[in-house]
Each structure stands twice: as C-alpha cells, then as structure tokens.
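**Student:** Chain order of the listed sequences is A and B. So that you can map any letter, position 154 of the first sequence is 154 in our numbering, and since no number is skipped, the others follow by simple counting. So that you can map any letter, position 148 of the second sequence is 1148 in our numbering, and since no number is skipped, the others follow by simple counting.
Bear in mind the hints are in silico, worked out from the structure with no lab data behind them. Remember, it's a predicted structure, so these values are computed and weren't measured experimentally. C-beta atoms are modelled at their ideal positions from N, C-alpha and C, and glycine is treated no differently. Take the hints with a grain of salt, since some may be wrong.
[To be verified] Restricting the straight-line Cα-Cα distance to at most 25 Å, the calculated cross-link-like pairs of lysine-lysine (DSS-like) are: (1) Lys1217(B) with Lys15(A); (2) Lys1158(B) with Lys15(A); (3) Lys1108(B) with Lys1178(B); (4) Lys1178(B) with Lys50(A); (5) Lys1194(B) with Lys15(A); (6) Lys143(A) with Lys1217(B); (7) Lys52(A) with Lys1194(B); (8) Lys112(A) with Lys1217(B).
[To be verified] Selected chain A positions facing chain B (in silico; Cβ < 8 Å): (9) Asp9; (10) Leu18; (11) Val136.
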Amino acid sequence: MSQEPSDADFNAMLKRSLRAEGIAVIERMEQDTTQALCSDPAFLNSPAGKQKAEHIQQSNWMAIKAPSDGRYIGDWKRGEAIAQSGRGGTWADSGKEPSGGGCYNCHQIDRKEIAYGTLGPSLWNYGKQRGYSKEVITYTWNKIYNAKAYQACSSMPRFGHLHLLNQQQMQDLMGLLLDPRSPVNE
Amino acid sequence: MTAHTLRLRLGLGLRLGLGLGLRLGLGLRLGLGLRLGLGLCLGLWLCASAGWVFAQSSTEDITQYRDMLSDSNPAELYIAAGEDKWNTPAGPKKTNLKYCDLGLGAGKLEGAAAQLPRYFKDTDRVQDLESRLMTCLSQLQGISEQSIIDAPFGEGPKKDLNEIVAYVVSRSKGAIIKVSTQHPKEQAIYALGKKAFYTQAGPYDFSCASCHSQDAKRIRLQELPNLTSPAGAAQAWGSWPAYRVSNGEFWTMQHRLNDCLRQQHWPYPVYGSDLTIALSMFMAVNANEGLYQAPGLKR
C-alpha cells in the first residue's frame, strides 16, 4: 500500500506546497548528505546504510573546529540563558538576534528548572559525574558543535557546524555543563 | 492574575451559566492573559519565562484545569457559529452549504469528518476537511479559495472556515476514525505523507519524526504524541481541531501543522496544500480504528 513515491513526485509536492516566509527561505529544503541519509530509515537500517552512516559521521567529524581562542569554558550564567531560549531561526524570527540553544526543550540541565524535555538525556551533574578532564571537555565541545560526528542521525542539531550558535555561545554552554561552579554541578 | 483567581473566575463564569456571547468574552480575556511569553518556547503551556503565571505549576494542575473546562469547551461557541454559517445563505451566490459533499453525500455530516482525508472525484484529488470545505465555499457560494488561503489564521474568511470546521467535526464526535486507502490517489498521498514525515531539512535537521516517533517523550512539559503508533496517532488526530486555552484560539489541523512546520524551521506551508494533506493522511490512516473526539481542548 505504501509504495515508495518517486523523488520527482515528492519534490514536486514540496515545491507546490511550500513557500519562503521571512528568513525561512525555500533553499532550506535542499538537503545535505547527512539529512538525506537520515530521512530514509529503511535504508539506514540496511548494511549499505550503516556503511554510509560511518562515512557521514567521518565527514561531520572532519568539519569540527576547536575554539579559535583555545578557550572551552565560558560563563555558565550566560550559558543558562542560552539553554533556556528556544528562539531563533523560524519564519517568525527576524534573524537579527542571536538564536537560543533551546537545550531545555530536550534536556534536563539545572534541575531547578522543572520544565525540561525528555528527547535527550539528562545533563544534571554533567561535569560532576564525568569529571573535568581534557577528554571530557573536548568531547562535549565536539558534541555541541556537531552531534552527527558521533551518531550520524542523532536528533541533536549541529550547533557549530550549521552556525546555529556562535563560538562564544557554545563556550558559555560549555561553562553551564563543565564549570565546577555551575549550579548544574552542585 | 494567578492560576487560582483565573480558575475561580472561569469556574464562576461557567457555573453562572452565562450566555454564549459572555463566554466568548471570557475566552478572549483568558486568551490574552495567557499569551505572555509563548513565542519563545515552542508554544508550550509551561515555558520557563520568569513571571509566567503558571511557571512551576504541575502537570496535575493543568489536567485538573482541563477537566474542569471539558464539560464546557469554548469550542462550542465556534460550533454554534459554524452551524449558523452552514445553514445561512452567504457569498456572491447567496447560497447555504447544505449541498456540500464531504464524502458521504450532499449535506451528510454524521461521521463525515472521521473519514477524511479522502479522494473526491469532482476535484480528482485527496482532500482534508479544510481543503474540501474550501471547494464547497468556492463552488456553492462563490467565495474565492485564494481569499481563504491568503487570510491570516483566525481572521476574515479563515475565521469563518474555522467555525464551519468546528460544526462539521462536532457531528463526528464519538465516531470511529475510518480513513480509506482504497483509491490509488489515497495510497499515493499516504506514501508521500510518510516520506514527508521522515524528511529532514532546514538548519536544525528536523523532521516530524524528530519529535513524534517515540513514545512518552516531551518538549519542555508538552507531551509529544508518537504519530507512528496507532495509539499516538489516534490520540493526536482524534483530538484536533481543538480550542487552545493557552492562546484562546480555535485551531484546525491546518493551523496545527503550520505551527509544527514553523518550529521545524521549515519554509511556510501553503494552506490546504498537498504536503499538509499528505501529512494529515499519514496521521489519519495511522489513527484508523481510533476514537474521533474533536473538537478537543488543548493547553
């Protein structure tokens, strides 16, 4: 019954159904290789799909950039504000203000915030549990920068790779998770 | 206004059995009071903005509040207005809608919404309720479909359409969802909807599946239905259109999908377009055999 539609039919449907509005331009529908792979769960589960996923992870991995000033840990207070804000990037946003990280949409972080989502794992006591080693710090930076470097079809947006957050915002989020003085590590 | 006084006011209003008009006033005031800070957090009832009246309240409170409202869903106002619009001659052709065929024959409304979307021979396409009603308004009353498509949500011809939708779905309340996949075009659009559901795009790599393919997940405190499961799809499909207490508005599924795609950071879906109908078809077929409970009541 659900025979796979042709790409031509599918793209024609998208073309006549979607239009640009504000910053949400129509080019947003042009998929990169990661998005194309992750849109096809049947293929993803095949041996060929799994192999492709490894390639995709590799290419996402290669594109990660360490902070240009060598500083990984920013201001946890600003980090908390960034984690709280889910604004930015939609057709209702101007695109002039920096976007939020929307982290609480999916993660528990500071447990004082009870309105947290559960699509991602809890990050409460993130540093306290993992320690503050160089390995943990680099891993966390990479994960925020490009979660698809570790899992090709992770649900987490690629905040650095796709320029959703700037370097300082990511450093501040790192502070929220990995500054021993952050309330997350109480 | 605290949650308590709000509840009190609302309770009083309902208990006094005020007329429809007054209850509309109340609904609107409620809407205004609750609209604070919503845009920032994906339209959630309990976003964490400081000073938010319901912040730190519990989901229990919300459930209680919803239960209290449920025997007097403000959607009733829309239903009453919609019934009026169905029966009253309107548009350039000055006709009513009693010859509108929603799939079960001209003017047959009982259970019709619970069997949509479906293929219609006269338009040679699969239509959901909103797009089918646009066909009726255009053919019977001479109202231009484009004027409805172009209107802002909840205003002008879209507001009129909302009311008609509310009336039509109320005549399916309690029916079993029964959406056909017999016609090849029904099969084709279901497959397109399924593909669309899993399609990732945009700066956040989001698809519908990013949020709606697992059981028992939430964004902030908002529970996310798993639209790939029969139970989740029935719960979601069967409870829209709905009156949304958080903003005091009646939303049809077209509006609901529009806001999903906004949060998905996609471009803007044209009202009644095939993408929206395909996604609805995917949900509705997955919801088959479930209970049609619309119009619902949402946060």
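**Student:** Now, for every hint given, state plainly whether the structure supports it.
**Tutor:** Verification of the hints:
no.	hint	result
1	Lys1217(B) with Lys15(A)	violated (32 Å)
2	Lys1158(B) with Lys15(A)	holds (23 Å)
3	Lys1108(B) with Lys1178(B)	holds (16 Å)
4	Lys1178(B) with Lys50(A)	violated (37 Å)
5	Lys1194(B) with Lys15(A)	holds (17 Å)
6	Lys143(A) with Lys1217(B)	holds (22 Å)
7	Lys52(A) with Lys1194(B)	holds (22 Å)
8	Lys112(A) with Lys1217(B)	holds (20 Å)
9	Asp9	holds (7 Å)
10	Leu18	holds (4 Å)
11	Val136	violated (25 Å)
Of the hints listed earlier, those the structure fails to meet are numbers 1, 4 and 11, in rising order.
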